[in-house]
Each structure stands twice: as structure tokens, then as C-alpha cells.
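Visitor: Chains as they are written, first to last, in the UniProt record's numbering: chain A, 1 to 449; chain B, 1 to 1021; chain C, 1 to 204.
Bear in mind the hints are in silico, worked out from the structure with no lab data behind them. Incorrect hints may have been included.
In the DSS-like style, the derived pairs of lysine-lysine whose C-alpha atoms are separated by at most 30 Å in a straight line are [to be verified]:
{"id": "1", "chain 1": "C", "residue 1": "K163", "chain 2": "A", "residue 2": "K166"}
{"id": "2", "chain 1": "B", "residue 1": "K237", "chain 2": "B", "residue 2": "K139"}
{"id": "3", "chain 1": "B", "residue 1": "K133", "chain 2": "B", "residue 2": "K172"}
{"id": "4", "chain 1": "C", "residue 1": "K180", "chain 2": "A", "residue 2": "K166"}
{"id": "5", "chain 1": "B", "residue 1": "K752", "chain 2": "B", "residue 2": "K722"}
{"id": "6", "chain 1": "A", "residue 1": "K166", "chain 2": "C", "residue 2": "K175"}
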Amino acid sequence: MAPPILTIRPLATLTPPSTTRAWSSTPHPTLPLLATASSDKTVRIYSLASYTLHSTVAGGHKRSVRACAWKPGAESGGGESVLATGSFDASAGIWRRAVRRSSGGGGGGGGVGVGEDEVEEEGLDAGDEDDDEWRYSVVLDGHESEIKGIAWSAGGTYLATCSRDKSVWVWEELPGEEDNFETVAVLQEHEGDVKCVVWHPEEELLASASYDDTVRLYREDLDDWTCVGILEGHEATVWCVDFEGSDGAGLGSERDEELSEQQRSWLKDRKEAGPRLVSCSDDMTTRVWRRVPKQGQDFKPGKDKMPNIIRSDNVQENWIEEARLPKRHDRAIYTVQWSKRTGRLVSTGSDGKIVVYEERWKTDHSTSTNGTANAANGGNNVEVDGPNEDSVPKFTEWFVVDELEGAHDVYEVNHVCWSRRWDNKKRSIDEEIIISTGDDGEVKAWSLD
Amino acid sequence: MSEIELYLLEYDRNKDESLRIAAQTATRLESKDLKLVNLIEHLGEYLTNEDESLRAKTMFFLADVLSAIPAKTLSRQQRGLLCDFVLSRIAGDPESIEPSVHSLIGLESMGKWEDERAVEIFKTLLESTNPLKQFKLQKQRYSVLQLIDILMARYRNALRGAQSSDPDMIEKLVFYFDGEKDPRNLMIVFSVLLVPMTEWDIAAHAQDFFEAVFNYFPITFKPPPDDPYGITAQQLKDRLRSCIAATSFFAPYAFPALLDKLDSTSPNTKRDALQTISTCASGYSTRTISLYAVNLWDALKFEVLNVQEEDLAEQALEATSNVAAKLSGSQELHDYLKTVAKECNEHLEDAPTKQSQASGRIMQAIAKASPEASNFLMRAILPQIVSLFNAAGSLSKRRALLAVILQLLRSNVAVFGEWRTSDPEFLQRTINSNNALRDFSEQIQELLLDAVVYSPKEEVSYRILSVNSLTELVKLRSLLQDQQISKTLHALTTAILKEPSYENDDLRLAAEAGLLEVAHQKPQLVVNEAFPVFLAELPEDVRSEESSSLRILAAFAKLGSEEKIFETVVMRLRNRLTSAFQLPASGLYILALLNALLYTLIRGAYKELAIDVQNSYYNSMVIWLLEQVQKREDVLRSLAERAAIFNAIGRICRIIVLNQDDRVQQEIAGTIYNLQNQTEQDELSRHDSLLISTHLLAALKTDVPLPFAPSNLLQRLVSVMKSDSTIAEITTASLSQMTLIVNKHIPESELKPVLDEAGLTKTNAENFSDATVLDIRIEFSISKALLLRNSRLTPSKISHLLQRLPDPTHGPTIARGFSTLLAPDEFLTAENHCHISKLHQQKLFSLTVPAIATASRTTAASTSARQNYLLALAGLLHYLPYPILVPELPALVPLLLQSLDALDTPLKASAVKTLTEVLAHDPEALAEHANALASRLLRASREGVGSGVGPGARNEAEVRSAALACLAMVPRALRRETLVPMRTRVVRELTAALDDGKRGVRREAVRCRVAWIGLDDGDED
Amino acid sequence: MEEELKDNANPTILQLSDLPSRRRDEPSKKRDAARAMLFEDLVPSYPDPFSSGLPSPTSSEEDAKVYPSDDVEEIDEQEIYDLIAHVSDPEHPLTLGQLAVVNLPDISIQSSAAPSKSRITTARVLLTPTISHCSLATVIGLGVRVRLEQALPPRFRVDVRIKEGTHSTADAVNKQLGDKERVAAALENRNLMGVIGKMLEGCT
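Please model the entire structure based on the sequences and the hints provided.
Guide: Rendered as C-alpha cells:
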């Protein structure tokens, strides 16, 4: 079956744009909202239903806001939306804003999602004057210099921050006591700025990327957070890391009848290994990393969380570089993001390009150790120089689905991510769009079809 | 009630009244109806009162009376009596010190004291008012100081005598002023102390005296904004400095203390210290300085070797130089200079470095100090430099050494002067002290000649250095022999004649400047040796613009600016021209020769010639040229070329005729007439004559009677233009003649009739619609002529033109015309004896601008009409000096802003320039327009798209950069608060201009953007 | 004395006149001819506003001086040099040009590869510190980068690096100067910008 030919098409430019450099944008997990961190010291909340500004989170930070993160599940039970922000002023902030159930309807500034087929949906209430404001509820001080990344753990239990001071901090919001955060770990493993932190989709496994060219992994072991793995190979600053979705979407499941025996067993192994990691770097490469399952003892990833290991030396994990994405960027790559729905990857960087990649079965099933293939997708016949230490035969390889020059005119693009599509023209409930954030202060939405 | 009682009553209530009373008493004393003794007796009872303020007031009474009494009223003996009395008060009653002192000053002004008396008073003060700070009030101390100042000034010898016999006096005086803080008082203290410091024998108390003043170093006084006494920190500094430098006895304390201050981190302190050191270096005795010379050097050199602030380095250099100057003539000079030379030589070894450069400066400064210093350094440094130079591997090292050589030569010129100096001092010096440079001159010259001739052609700056050094060498009085100078001369001429134009002409220009300098020092040498070479390079004919001969011709003409050889240059050019005319040579060449001639006349020394010589040029040039024109062979040349040639001839004649005597001027008037009336001429020659006669007319004085009626001439000119209107040169020349005639040769009273007669006053003619562009131009020319002479006819003319502005057909042409009214003009100048009213700009402004403002504001005005108004306005503003506009600013600013959008011609730039002026001088006028201004300027800074100009139209590069330059001023001119909100937007939109197609525009864009980025957004971390 | 604090109290310096510069009257042949006649400014010519269409003699003459020709003048290496040569060294009252920290041959401009249609252009500047252990290399580099980011249009990517073999910790410095995020943070640091500001004062 020939893979569909997809194209990145401009969908919308969110208005009004920031007048200065915008750093990154984070879509709300369940609401049609997007938080954009800007060098004007504010976070701009846009409605993804109308692609217009919904509200502004201002007055907290004294310098650039570099990144922000929505607390998962915060709204459930009519609670408030909770946004965490990390700034160059070395502080992180927790912001709250009331939400209430709202009957669906046209996507106005309120950012109410459209979709008769959705049972019910929460939307921020823009109308209610009383809580139209974002409350700066907690300041997390501790880092010595600019905070560069911030992320909530899957369950929203932990908040991780990273900084130029080479450290990664893990904070825990004490159960019951709202707004009372406690530092549970200060991880000083890296030898340079820590550029980005990200949590495993369900395990309490934390990954960080750094100026020291490495990626590191951390777990709690005997209520003490330690480094459990290190990913080496990049030859320059690693700007960004991201985990694959938990169900490794993209190539079907091992029960899929159309697949060959080999392919299915291979999928099984992969599932055992658990979600992979992708990293991108100043060295202009993007690499996919895979965990090597522990020999000799039953390692069950997925639903039943932490492996039941007590002896801490077993906590160590071995990750290897599985593949390298086709080289399309000719300057630093700032962001790569993994679509949890389609398993596709999107990357962007200083050259202003947006590139979308897809993983496909090798057309010939010969088990070469460095995957060369003749792809269906014309012009994308790619040479992927595989990592040497990889002994595992390759069944898949990555192709460029589409690439776009000058996504933000001549400006650099700092960040790109996947988001559910919310406007009324969406084709299906779970259609995905790409959202890019640039030095021109603009945030743009792109469809892929 | 007695006068004293009244006085005491009024004293606090009414000063004037109390003064009047005192004056009254004074008159009574004068008229003898009050006896002095009685007065004193009468005062007695109050002076014994225990209320001290009462006693003080009483003494004020006496003081006021005394100051009111005319001199001569009191006898010497009476004054003596009073002195004793007052002195007793001073001793006894400190409270009334102020009035007592006033009384004494009053008495002193009535008649000089005997020395004994002066000394007595001085001592009493030292006795009973010591220390002065016991008096809390500034004015109390001030008055005492005044008295002491008087004593010091008028009784100098007496006091000097006294103190020598009474050491006690000095002791007291030293500490007398302790703790004085008030600037006004200090001014006096310093000048008072200066006397003993310089004239008394204070050896024993040197340290005390020094500290008495040095305590105040450095002066950090900042006068209050509304200081009534206008005492500046500088005045205090100067007086303090002269105290410190007053006597060599201070040296042991001063130098260590001052050198110590050099370590200060405050530049101001260092500056004071350095200045003071300089002054001391010249103030103290040679012997003293010799003791400290080396220490000083060690400290001072540092400021030069590691420049922090340029002016500090300058100060340090001056100090080192002063030391050398002081030591000159003494043996110690050598020890000092040995140290200097040693160090400098070391730095020169690793040239080019920051410090080798510094040593160059140092040596230049020191060598300037005196012939001895110069000679020593030349001997100590030059051999070293030469050997380093020859050993040097890199050109950059050689260049650095050359730079030092040049500096040394300059200093040498400063010491020994130039050939053509008339300053007797230099003449003496060159006779007395043999210039040590002489021993090296040959060697150096050879070295420099090599550098110019044999070093790679592209090493421009290197060779320029050598050329300049060679020039200095030639300047030097009685140094080089003529045959040596000839060598340099030869090198320079070759550089000028043969140098291929590499990258730019800097080297050739330097060589030309050098040659001119030689011509100044040794005119005859240049005439004999350089001229033949030049002329050999000038061919009979030249046909290509690229020919190097033209360049050479230019260089030759420049020599005309040296008065001693001016006439020779002119003669040579004249000869060339003669043969060129006979040949005939190409128009190009003839034109070049004419222009060369013209250049020498304008830029050359023509005006410095004796008047009779100038007169002789009438025959040798004007007549001669006109003959050439008559009997020239008519080779067919392009109209433009002919025009150029005849204009050139015209211009030459004009310069010479300008200041000829009446007889000649009269003759010229005739010539003009003939030129105009050679009816038999063919058309071409008519044109030629017209051109020449225009320049001649320009040269005529107003009172020269014309052999023709102005009106006829005017009419003829009009007809000429109508017939030959195709030829631009003819039109402009004719128009110029009209303006000249109207401005110079018609009395105000006859203007109207003459113009009528010539048919030039068809003001508001109904048939205006079928007026031609030519008619309009004539209108403007006449108006201009009238305007400049401030004729009564001006207003009607101007208003007529204004009325026509809205006219759909002629409006635009007229609008453009307005810029001509004030535009600079080759002919209408004061030099050409024109009537130029001082007020004409002001006049035109008031006639036009307010009218335009109102007219364009009226809703009636159509867009096209408004367009014309704005265009006319821009044209006027282009030449109006800014101050004239100021009163109308409120009305103008909106129009200017409109112009930015409405206009699409280069004239837009003048609107922008005016706005720039407004920002510079009256920013508040634009305060509330900040936003509109910024947006419009941003638009004007774009070439096409989004530039606000209509489709097709574009903003000229000129306009674009003007707009950016203007926008760049905004951050400095307007209030931060208003701008901060716009900052990000402006900074962002300016990125477009950063990518402009033109470099010049981009340069402005960068400046502008940086200015806006620099605008502090005010929120703190 | 504070001298001891300086890394290099006595740097080698170049003559201002030798620093590469754009020739005043380039290239404009017709001006050379006029110059040869030497009398261009001698013969006054004034704009004739009535000859509307064609620009008046004077203005075109002036334009010829300021704006040599009508075609586009691309931003070239010399222009970039002129932008940064006057940045002054933080420890000497001398410019980076005089100190030969910036040199024309070490400036290069590459437009992006042929096939791609993007207008992105890379300006690369290699710095030569006065001495190989100059502790201020980073500050100097930052100054240069800031200057260029202020003065070049956004389509330019600015790469400021230490020339190979001229500095002991070149790699570390380069990595910092290349890190967009760090530079951005530095620009928000007032103290640092104070220093940079002083360095840039001389730029006009």
C-alpha cells in the first residue's frame, strides 16, 4: 500500500501576534487553548477554536518567559486551569484561572470547542469578569539562573524545571495542600545548561537534554531521585527531547493480520521496550533512542507502572540510538515533537524549516543493519546512517513526509508541536494540526493533508 | 531724638532709612555743625552698653557715616584718631568686627595710611581676630578678608618689611585662615596667601603654608544653580594651582602629594593633579625640578603609555614637556632626557604597538620644549630609528617608525621654524643653536625618498607618511640645501605626474599638497624645476576625457594658490590657451584650460595681487579673451560644448571686471551693448555673445550708466527666449540677464514703468490660462529680482503667483517655481553688486507661508490644489533658514506631516529636513504628533511598497535617508514616556530599511534603529 | 595599578588609515572624468525645478556621490566590516579594527544553497583575540553579535566565532556565542548590556 502523500498547508496565523520573539507554545491537554511563552515577559493564551487571543498571563516575570506547561487534569471537577511558567528571571510560576462547564457553541474568544459529537466539553469562561484574571498563585524560587524548560509528570504529581545552572529540579505539590510545593530532588548530573525536560507518558521517568551534548534519564529509587541512564552520541547541544506515545502508534499492533510474522514479533519486542525517545541537536541531527529491555527478569512496562525492582543497581537503564532521521536542516534544530496519535515526528529550527517524518516498514525485509531502502514516496529515497552499536535488525525506517521552507518568512522558528484541531472546519474529531512559534513573535497553525 | 537713636530704631526696620540718617550725620560732620569728637562721645554710651548687638549696630552707624562722608572732610589727624578708636573696638569687641572693618575700609579710602599704620592694623587683625573661623557668619569673615586683601595689595612692601623683622607675623598668618569653607572667601584667601608665598621668606614655614592651601586639593566645589556670585570651580582651581606652584620651597611636599593623587580613580582628580604638576614644572626653579624630573617622568609616562582618557594623556604630555623646557640650558636636562630616550627606544623596538605609538607622542611633545631638548632627542633617537627601520622585517613596523619620524620632524619645525617665518625668535634660534637634525637630514631624506619611490604602490598610507615627512623636512628653516630640496621636488612631481590612480588619489593629493608647501617655502625652485616638467606633460591637444593630461593640468592649476608663483602659473596657462585656440584644439581641452585658468583666479592668489596688477589683467585677460573669441576658427562644436566654453570665458572676465575702475566698467557696458547688437552675427555667435554678456553684466557696478534702455534689453531677451526657447543655456542666461537688470540697473521709482513698457507686468492677466511655462519662469525671475532688492512691487507679484497655485493646468509648474525664489543663484549675489536685502527671506516667508497654511486648510481646496500648496511650501522651506519658521510652527507642523504623505518628489526631503530642524530646536512643537510623525517617517523610509506614495511613485534614496535621519532624532528629542509604547513597533518596522537597496540609506537605518533600541524601556530588573 | 588587571596592556595596533574601507568615490566613471576637470564645484549649477521630468544636474551630481549608481548595492563583507570595526575593546580605548580583532578577510557571507528559494543569508565573522588567553573574548564576541543583530536585516543569520588556533578556549567560547538562548538571555541582563553598550558607543 503506497503511503498517502501529505502536505503542510497554512491554516491560520494566531492574532494578534507578540511584538517580540515568541519562544514556545503548549496546547492544553483537553481544552481548545494554546499557551505561548514570549520574550515580552508574558504568556499569551490563544483560543484554538478562533485562533485569536483569549487572555494574557502577565505581571509575574521580570524577563522572557521561556516555556510553560498545563497541569494535566487540573480542571476535572470544575477546578481551575493551572499553568506553570519558567522564565529567564530564574523563577517558575504557578498560575490559576477559573473554568466552568459551558454549553458548546461557536468558537469565540471563549475558546469553546466545536463538536456536536463531543459529549460535553469544558471551556474557559471569558465572559465572567470576576475570574477573567490569571492569578499568580505560587513562585518557585531556587534556580540560580534562567529556567529553560518546565514539565508536569503524567499524573500531574510532579513538576520538573531545568536551568542554565546545570540542574534539574523536581517539585511536588503536597497532596491536599494546594499551592504548597516542596522540592523533592535537585539533580545536578549535567555539565552544562539543561535545555529541556520531559516526562514519560505514564511512568515517572524524567528525561533532560543539555548543552553538554547528552540526554539524561532519572527515576525515584528508594524515595531518592537518581540518574538512571545517559544518552550519548550528539556532537553538540541537545535542544529538545520528546517521548513517543505509550501505544507506539503508527505501524499498527502486533495483532494486525496484514503484517508478517516477523513484523508482528518485532512490534511485540518494541512494545515491551516501551515508548522511545527522540532528540534533536545543534549538530543538525535528529535521533531516535530505544530502551534495551532488561535480560533475565520479567520487565513489564506499560500499565502496571514501575518495575518491581528493589536493588537499586537494577534501576540503571540501557538506551541505544535506534535510528537517525533524514538530514533536512542545515542549521541548529530547536524542537522535535512526537505525535502521540500518528507516531509522526515534526522538527524545526534556525533554518526556518518545518519537517514532518513518518516511520514505515522497510519494503524489502532483508535484515540489513544500516537501513537503506527504496521508498514509495518519490524523492524521499533516504540514506539513513544507522548507529554502529545497534545489533538489532532494522524493520523500519524514517521518511520525510513533507518539508516547508520559511515557515515564518525569514525568521527562525523556535518551536513546533502537534495539537488537536478545534476550529469548525476540522475534518474529524481527532484531526491533528501543527503549531509553530517564531522569532517574528507569530504563532502559526498548519494542517497536514 | 538724636540721629544715632533714630538710626538704631530704623536699623532693623528700614535699611534705606537708616542709611539716609547716617548720610545726614555725614553731611553735618562735613558742614562742621557736628564735631567728630562729640559724635564719638555720643556713641560712647551705646558702645558701653552690655547688649552686644546694640554695640554692633552702633558701629554700623559709624561705618555707614564714614562711607557717606566725602573724602577730604576729615583731617589726617582726625582719621588717625578714628583708626585708633576702631582698632580699640576690634581688639575689645569681636561682635562688632564687621562694622569695625567696614569703618577701616572706609577710612582707608579717604587717604592712604602710613606704612606703620598699615602694619599695625594687619598685626591687630592677626592678634585679635585669629583664627578667622571664630566668626561664624560668612560676611563677617568676608569683610575682614577684604581688608586684609587691601592691605596685601597696597602695602606690600610695608608688610614684607615688617614680617622680616617679626617672624611671629608669618606664624600667625599661616593658620589664620584655617577651616575657611566659603568659596567667595577662599577666592580672597588664595590670592592673599599668594603674596607671602612668592615674596616673603617663608622657607621655615613652607610646609605649613603648603598644607594651608593643599588641604583644599582637589577642589570639588559645585556652584549652586542660582549662584549670585558666579564663582566657578575653575576659578578656585586656578587660584589654588598658582598657590601650589608659587615657590620651589613647596616641591618636597607638593610633588609626592600630587603624584599620589595620580593613583586616584576619579579622572577629575587626576586631571587637576596633572595640570598642577604642569604648572609647578614651569613655576619652580630649575634646580628643584631637576631633583624631581625622573620621578615625575616615571609617573607621567604612565598616563601616556596607557591612555585612559585622551585629555589626561594630553595633560601628562604637556607636563613632561614643561619639565624639559624648565631644565633646558642646564646640565640636568641630559639626565632627564637620557631616561626618556632610553625608554622610548625600547618601546620603538617592538613597534607597532600601543606604546611605541605613545613614545612617538612623548618625544614630539618633549622635543618641542626647546632647541636643546630637540637636539638631544634627535641625536638619541634618530640613529636608533634608522637602524630599526633598515632591520625591520615587516612594513607595518616601518610604517610605525615613519610615523615617529614625522612626529619628530613636526616638533623640529615647531622649534626651529620654517624658511618663510618672520618670527625673530626663530631667526635667532637658527643662528644660535645648530639644529642637530642637520647631521641626519640627508640620511633621513634618502630613507623617505626610498619609501615613496620603491615601496609597493598599494601601500598608500605608508607612502603618504613618507611624502608628509619629506614635506616637513623641506619646510625646516635653513636645513636642506637647494639641491637636496630638488630631490624631494622631483619625487613629488613624479608622484603627481606618473602615479597610476591606485584605488584612490590620496597619495597624489598628498604629493600635490607637498609640492604646494615647497612652492611656499622655495617658490623660485619650483618655477625653475617643477614647471618645465609639468608643461612638458601638457600636450598641444587632448581629445579623451580619460587623458591623464587633464589631471596634470588640474594639479598645475592648483599651484596658483601660492601667491609668489601665481602670475607665472597664469601666464603659462595663457600661453597654452593661445596655441589651443590657434590649433584649434578640441573643445574638451580648451574648456579644461579655461577652467584651469578660472580655478587659479578663484582659488588662487589673484585677490592678493596689488590693485594695479589686478587692473592690468583687464587687458591681458579680458580684452585678450574677447579677441580670441572674435577671431576664433569656427570648428563645429556641440551646443552644450560651446555653451560651456563661452560660459567659462564669461566667468573669467566677470572675476576680473568685478573690481575694475569706473573707466573700465564703462567700457564693459559698451562691450555688452555691442555683443548684444552684432546683428550681422550668425545665430551661433549670437548665443555665444549672449552668454558672455550675461557674465559681464553680472560684473557691472550699479552706478555704471548703461548705453541702452533697460526696457529694450528686457524685451529683446524675451523675444530671444521665445525664438530659441529650445536651448536651455540660452533660456537660463536670458533669464539671468533679466534678473540682473531688474535688480541692479533700474531705480525703484522707475521699476513699474520700465516693467510695464517691457510688458512684464501683466499681473492677474485674464488670459492667464494660455500662459506658457516660459511666461511663468519669467514671472518668477522678475519676482526674484524684486524680492531680493525688497522692491515695493514684490507683494503683488508673489500674491499673484499664490493665487494661481490651485490652477489645474499651471498649478504644478508654479508650485515648483517657488523653490527658485530663494535658491542660490550664480548671478544674483552681493559680490556681483546686486541689491540683496537682509530681510528678503523673512519678507518672502511672511508673504507666503501663512497664506499657504490657511489656503490649504480651507475645505475648498481640492486634493490637487492642496498638493500644489504643499509642493510650493516644500520648495520654500528648502531654502528658508529655520529660525524664520519658528513663529509659524503650530500652523506648519500639520502641513509638514501631510507633505510626507502627499508629496512624491525629492522635495519631500526638504519637508523631512524641516521636521528634523523642529526636533532639534523646538521638539515640544511635535510632542503630541509623536505617533503620526513616526508612522509617516517609517513610510517615507520605504522605497515603494507600503511607502505611502502612490502606485509607480517611489521615495528617492535621498528622501529615504532623510526620513531615517529624522526618525533617529526622535528618541533624543521627545519625552521617553510618549515613545516607549512605540519602541518595539518602530524597532521592528525599521528592519525593512536595514535591507534597503542603497548603502547610504542602510547606514541611516542602522543609526536610527540603534537610537530607538537605546531608548530605555525603564523597567528595572 | 589597574593595568595589571588587563590581559594585554600593550597590544599591537594598526594605523586607522590602513583599515580596509570603501573608497569614497567608487566606482562611478563619470565622476573621475569630472574630477579630472577638477572644477566640478567651481562651475556652480543649480537645480532647475522647471525641467520637471529629468532630475536636475545638481541633484543627480550629489546622488552620484552619495548613491553611486541606480542599481542595488548588496550588503557585502566590507559593509559588515564597517559595522563592527568601530566596536571598541572593553579594556582599551581602541577599536576592534585597530586591534585587528576583526579583519576583512575573516568575514564571509553565504546565501543559502542554490536549490532552496529561501532568502536566508549567513554572515560569518571570525575574531582574532589580541592574545590567546584573552578572558574577554566572549564579551567581545557578544558585542559583535549584538551589533550585527541590531544592524543587519532579519534574513541574516549571524555566526560569530573565534578564528581557529587563536584562542586557548575557542571551542567553549564559540559554543556560547552560537547558543541563541544564551545570547538572548544575555541581552536581558542589564549589567552585561551596560558593558556592551559602552563597547558600541563608538559605532556610527
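Visitor: For every hint, state whether the structure bears it out.
Guide: Hint by hint, here is what the structure shows:
1. Between C:K163 and A:K166 the CA atoms are separated by roughly 28 Å; this keeps the pair inside 30 Å, and the hint holds.
2. The suggested pairing of B:K237 with B:K139 holds, with an alpha-carbon distance near 22 Å, which does not exceed 30 Å.
3. The suggested pairing of B:K133 with B:K172 holds, with an alpha-carbon distance near 14 Å, which does not exceed 30 Å.
4. Under the criterion of a C-alpha separation no larger than 30 Å, the hint pairing C:K180 with A:K166 is consistent with the structure, at around 17 Å.
5. A distance of roughly 23 Å separates the Cα atoms of B:K752 and B:K722; the hinted pair therefore holds under the 30 Å criterion.
6. Distance hint between A:K166 and C:K175 is fulfilled; the C-alpha atoms sit about 16 Å from each other, no more than 30 Å.
Every hint, counting from the list given before, is met by this structure.
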